[in-house]
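Residue numbers (my numbering), protein chains in the order written: chain W, 1 to 272; chain R, 1 to 360.
Fair warning: there could be bad hints in the mix.
What the hints assert, rightly or not - Result set (EDC-like, lysine to aspartate or glutamate): computed pairs, CA atoms no more than 16 Å apart in a straight line: (1) K18(R) x E253(R); (2) K162(W) x D84(R); (3) K162(W) x E54(R); (4) K178(R) x E31(R); (5) K18(R) x D67(R); (6) K218(W) x D99(W).
Unchecked claim - Quick partial rundown of chain W residues pointing at chain R, CB under 8 Å, derived from the structure: (7) V5; (8) R8; (9) D158; (10) S159; (11) P161; (12) Y164; (13) F171; (14) G172; (15) P185; (16) L186; (17) P189.
Hints in this document: simulated from the structure, not taken from any laboratory.
Keep in mind it's a predicted model, so treat the numbers as computed, not measured.
Even glycine gets a Cβ: it sits at the ideal position worked out from N, Cα and C.
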Amino acid sequence: MTRFVLGRIGFYTLIAVLLAFFTIPLLWLASAPLTSDPTYEVRVPDFTFDNFQAILEHPYALPSLYNSLLLSVGTALLVVALSALAAYALSRVRLPGRDALLYALLLLSSIITGTAAMVPLFQLAVELGLIDSQLGLILILSGGLLPAAIFMLKDFMDSTPKSYEESARVFGASPLQIVAHVVVPLVRPGLATIAVWAVANVWGNFLMPYLLLSDVEKQPAAVIMYTLYTEGGQANLRLLSTFGLLYSVPVVLMYLFVSKKYGFRFHGGIKR
Amino acid sequence: MAAIELRRLTKVYPGGVKALDALDLVIPDGEFFALLGPSGCGKTTLLRTIAGLETATGGAVVIGDRDVTSVQPGGRDIAMVFQDYALFPHMDVTDNVAYPLRIKKVAKAERHRRAGEVAARLGLERLMDRRPGQLSGGQQQRVALARVMATQAQAFLFDEPLSNLDARLRLEARTFLKKLQRELGVTTVFVTHDQAEALAMADRMAVMEAGVIRQIGTPAEVFQRPANTFVAGFIGSTPMNLLDAVVRGDTLEVAGCAVPVPDAAAGLLADGEKVVYGVRPEYNAYAPKPADGSSEGALAGKVVIVENLGASHLVTLDVNDVTVQAVVPEGSEPAVGDEGFAAPRRDRALVYRDGELVTR
Ligand SMILES: Nc1ncnc2c1ncn2[C@@H]1O[C@H](COP(=O)(O)OP(=O)(O)OP(=O)(O)O)[C@@H](O)[C@H]1O
Ligand SMILES: [Mg+2]
Numbered sequence: 001m002t003r004f005v006l007g008r009i010g011f012y013t014l015i016a017v018l019l020a021f022f023t024i025p026l027l028w029l030a031s032a033p034l035t036s037d038p039t040y041e042v043r044v045p046d047f048t049f050d051n052f053q054a055i056l057e058h059p060y061a062l063p064s065l066y067n068s069l070l071l072s073v074g075t076a077l078l079v080v081a082l083s084a085l086a087a088y089a090l091s092r093v094r095l096p097g098r099d100a101l102l103y104a105l106l107l108l109s110s111i112i113t114g115t116a117a118m119v120p121l122f123q124l125a126v127e128l129g130l131i132d133s134q135l136g137l138i139l140i141l142s143g144g145l146l147p148a149a150i151f152m153l154k155d156f157m158d159s160t161p162k163s164y165e166e167s168a169r170v171f172g173a174s175p176l177q178i179v180a181h182v183v184v185p186l187v188r189p190g191l192a193t194i195a196v197w198a199v200a201n202v203w204g205n206f207l208m209p210y211l212l213l214s215d216v217e218k219q220p221a222a223v224i225m226y227t228l229y230t231e232g233g234q235a236n237l238r239l240l241s242t243f244g245l246l247y248s249v250p251v252v253l254m255y256l257f258v259s260k261k262y263g264f265r266f267h268g269g270i271k272r
Numbered sequence: 001m002a003a004i005e006l007r008r009l010t011k012v013y014p015g016g017v018k019a020l021d022a023l024d025l026v027i028p029d030g031e032f033f034a035l036l037g038p039s040g041c042g043k044t045t046l047l048r049t050i051a052g053l054e055t056a057t058g059g060a061v062v063i064g065d066r067d068v069t070s071v072q073p074g075g076r077d078i079a080m081v082f083q084d085y086a087l088f089p090h091m092d093v094t095d096n097v098a099y100p101l102r103i104k105k106v107a108k109a110e111r112h113r114r115a116g117e118v119a120a121r122l123g124l125e126r127l128m129d130r131r132p133g134q135l136s137g138g139q140q141q142r143v144a145l146a147r148v149m150a151t152q153a154q155a156f157l158f159d160e161p162l163s164n165l166d167a168r169l170r171l172e173a174r175t176f177l178k179k180l181q182r183e184l185g186v187t188t189v190f191v192t193h194d195q196a197e198a199l200a201m202a203d204r205m206a207v208m209e210a211g212v213i214r215q216i217g218t219p220a221e222v223f224q225r226p227a228n229t230f231v232a233g234f235i236g237s238t239p240m241n242l243l244d245a246v247v248r249g250d251t252l253e254v255a256g257c258a259v260p261v262p263d264a265a266a267g268l269l270a271d272g273e274k275v276v277y278g279v280r281p282e283y284n285a286y287a288p289k290p291a292d293g294s295s296e297g298a299l300a301g302k303v304v305i306v307e308n309l310g311a312s313h314l315v316t317l318d319v320n321d322v323t324v325q326a327v328v329p330e331g332s333e334p335a336v337g338d339e340g341f342a343a344p345r346r347d348r349a350l351v352y353r354d355g356e357l358v359t360r
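In isolation and in its complexed conformation, chain R is listed as follows (with noise of 0.2 Å):
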């Protein structure tokens, strides 16, 4: 097992393309890491980089305390699942699964053993003697991760591991996934575009932005904490309100309504400032009167649209020509023409200034 490193890595493509901007980090022995973000920002090039598919442009890789920039991938110890598996159509899973050890000149009889092995505890066992064309889609992907457990690499890199699986098996084999990697602590990194996977499985998680990260953390620092406008937009199943605010005194005056200024950002803000506030649907406290009678500290618009999210609702309401969403627990929903308030969780809203999250 070996930790991954990466000093200033930059990728360019043939033709200009800046896939990896002078990117740092540092992933421990044994984590989970989740490389999340938009299309085309880059997930793959840095996942195939740290393989050394994609030859850096600058920078270092280094796997364990042993710098790889330039070794060959067959000589880095990593192993890595494609997003399409990359099963070897005319071999059975025997065959497949016992590759690695073929390239490593294991005698037949003895690498066949150990894949059998290691098939048996990913419960392929009676499926040994089938090609990949006759294997479901899970069914391929165990495959495929019994074919990297028998390389007996020092970090696995997955792309986009469950992204052909059905939206069920998806669920399953994220649990499956995350408990195979605990039990076997190998330092695996892998890329997803689904934030719900990277929140649901990651130890840590990368959000990257057009070759750069943009925040590092627990999937909870991300949530409850973006620290950019980027990340607050692009995590979470509801979109985070952001909305232009001025700084008056204690309160910061949004779409019209006065609210306090959030305890994150308490005693760091300067009167008549233009910031931008935060706050997610899900701390965003909905009724349909205000609270202790008074409308103070909320925000007090018309509901214009009410969406099913199956446990509760989403509830859009329209504060002075402003669009404010807030979560609705089932059973309480408004609805739509009513007049409504939305009161943000003090202990939860944010505030950013030029894009950076405001805080201590």
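Bound conformation, chain W alone (with noise of 0.2 Å):
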């Protein structure tokens, strides 16, 4: 009995020090953004809205925010079409060597948008003029998820049955009225989660937009986090823990809207 207890005990102190561990963190960046004098002790806050004011004041904090948005929306809305187009065609047509297709794009592309490619990447935007251009990250953040989206959605669209397709195809509608009407709508959980993938994926990439953007009003949050420290070359905690907050607050509403529209599956099957 003593032994059942001890255990229980332990059990629950074992739950409670890794709580800790994810919970701290997160009630420090609730609590630091409304103390006057944040240190990296979590402490109960006096309520001061000043550092809020200062971020606002802060010249490229708020644009950053809207840099994020534009870059992680508009590769999202590309790579959700393109995946789309792509998935469908794998997923429908049989190609001689397309599995091992697939998984080699998934291999290269883990490569492509990682540390190991960051000189030819650069040498490659500058060529292209594609340096210091939101549109030419926004293409390559898109290059750099589609695989592993495709191979996601199209997995997706494996599990669907055919005969929807079949049937609008008697009816005579055309390849793309099929994928509109059809097939776009019966993938939709899919296409969400893709969405909410890329959003999350480039909201917090720091590496591609450091190195590609090089004037500091089109760069994103996660880039300019890294340069709010005070004249004394220290951490601005003040700073730093609002931004933080303000950063990521969107990408935790965004989760719970789609989460609760469509639900998250990375599998399809529709219910029959």
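Relying on the hints, combine the two individually framed chains into one complex.
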């Protein structure tokens, strides 16, 4: 009996420690922006809004959030549109070596936007005149995300029955009509998943914009975050915590919205 | 409305499966035609090739007087109901029924009006705002029918349209479908592997085996005079007795007994020839004693099994180690172990030589 109780106590202590490990940073993120002089400790805030005032006055903070939005939404749209078309084709047309192609793409993609390809990517952007261009950045980020997106969506499309499309075909629908009227509505939860995943990915990406954008006015929030230092070279905790909070809110909101509206499913399957 | 004609239609799937083998078939305008056969014999393939969802490897498909072999499905002026109905789950009944009209660019108000009309004919008025997931199987089937009716196509193709319904509903839907086809007069081809369905609904039917048609005819012809032993064994709620026989003058020696040569084969058999004697259990009259005192013309044996079929019983006799079945009306069924006699009806029994019906 005592062994059981002790075991339980040990178990719950372990859970509590683990929980604390994850909650304390979140608590800090929630309390520090409302504290006049935040440190690395979690303290009861004195509910001041000075820090928000300071962020509003920061010349790059708010514009960078807008830049993040532009980059992530742009990339998500491009990735969803292109991966939906590619995944549909790959799912419905028999190509020799199709699976090998998909795996090769997936493997290569992890290299393409990774650190290893930094130098060639930079060179490529320079040659194409896409350096310091948000459009160029969107294209490159999309290129990195596409293979995985196609891979996930193809799986999704494989599991939706073909008879819907065939039925539309017999009624005379063109391939584009079939995609628009039948396929897209059927795989909507999959598209939502891909969109959210792409937004979250770009939102948190530091390396690519840092590398490819030189104009500070075009930089997204992830890069601006890095510049929030005091004159003395210390991390400016007042600005950092407040900006960090503003930076995370949109992603959380988006997640809640999409999850409520569509639910997340990485595997397709229409309930029939 | 249009006739459908298939000329030496062949379909070989990648990988080498020959699903249709030089198949010839003419389905006249307005006919309700059933395709029947065991699983994997190529029924669905045939239907899909007529629809254009599979491209023919050889031969031609003619609808009306137009060769449509290389025409896309949408250009063939046909409509198809799939086994799972393929109603779009994200559209309500109105939009589903109106979808073919949407493809034809009919204005929204007009197509909704026409969808409403067709649906009303099938008793769907009160379900127009529901999605397929909120309908019962029978209602879904009617929506699928409404949708093909809305196309006003030249021919309808149905792939096992009733197989998703439960037994009770299936009977209702069967009657309904037949009545509807009568009224519309549209050439209709439907696939089924339920022979009762084919016999009950079709004007004419084809029995397929391994990509070829083994018999075409009216349900009565196919039931009463199967053209070969394959069809004979396939059609009928209880399979036909197919017994090895030897010709002895104007009698046949079957399982050690002598039975008269059936009317259909009279004068067509050579003495000593080895043939197969066929008689349906329904046409095999059972009696506990030989009819007019002698056992002549009957198969004498011992009852081994009695199965209840509802209004009748299926009696299995062991006749000198050969199994013979007969159907006995309720109330006069024997007990297991009884001696019994089965007298085949001479005007209904058939003879097969090398698997083919011997007939004039
Ligand atoms: N896409 C395909 N690729 C290769 N072979 C196929 C394909 N579709 C069907 N077949 C083969 O063709 C033959 C005929 O198949 P089909 O689906 O037409 O049979 P069916 O008569 O409709 O059977 P069931 O009653 O089971 O539906 C089968 O041997 C099947 O394995
Ligand atoms: Mg089939």
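- Message: Holds or violated: the hint that Y164(W) contacts chain R, with Cβ atoms closer than 8 Å.
- Response: OK, holds: Y164(W) within 8 Å of chain R, min 5 Å.
- Identify whether the interface hint at F171(W) stands, where standing means a beta carbon of chain R within less than 8 Å of its own. holds (4 Å)
- Item | Per-residue hint verdict: D158(W), partner chain R, C-beta under 8 Å | violated (17 Å)
- Task: Please work out if K162(W) and E54(R) have their alpha carbons no farther apart than 16 Å.
- Result: Judged against 16 Å, a Cα distance of about 13 Å means the pair holds.
- Query: Do the alpha carbons of K18(R) and D67(R) lie within 16 Å of each other, as the hint requires?
  - Reply: Violated. K18(R) to D67(R) sits at ~23 Å, over the 16 Å cutoff.
- Query: Going by Cβ atoms only, is P161(W) closer than 8 Å to chain R?
  - Reply: holds (7 Å)
- Query: Does the interface hint hold: is P189(W) within less than 8 Å of chain R, judged Cβ to Cβ?
  - Reply: violated (11 Å)
- Does K218(W) pair with D99(W) here, judged by a C-alpha cut-off of 16 Å? Given pair K218(W), D99(W) is violated - Cα atoms ~39 Å apart, limit 16 Å.
- Message: Restraint: V5(W) near chain R, CB-CB cut 8 Å. Satisfied or not?
- Response: Violated: closest Cβ of chain R sits about 50 Å from V5(W), beyond 8 Å.
- Hinted contact R8(W) with chain R - closest CB pair below 8 Å: violated (45 Å)
- Message: Restraint: S159(W) near chain R, CB-CB cut 8 Å. Satisfied or not?
- Response: At about 14 Å, which exceeds the 8 Å cut-off, the nearest Cβ of chain R leaves the hint on S159(W) violated.
- Any CB of chain R closer than 8 Å to the CB of P185(W)? holds (4 Å)
In the structure shown, a violation is registered for the earlier hints numbered 1, 5, 6, 7, 8, 9, 10 and 17, in ascending order.
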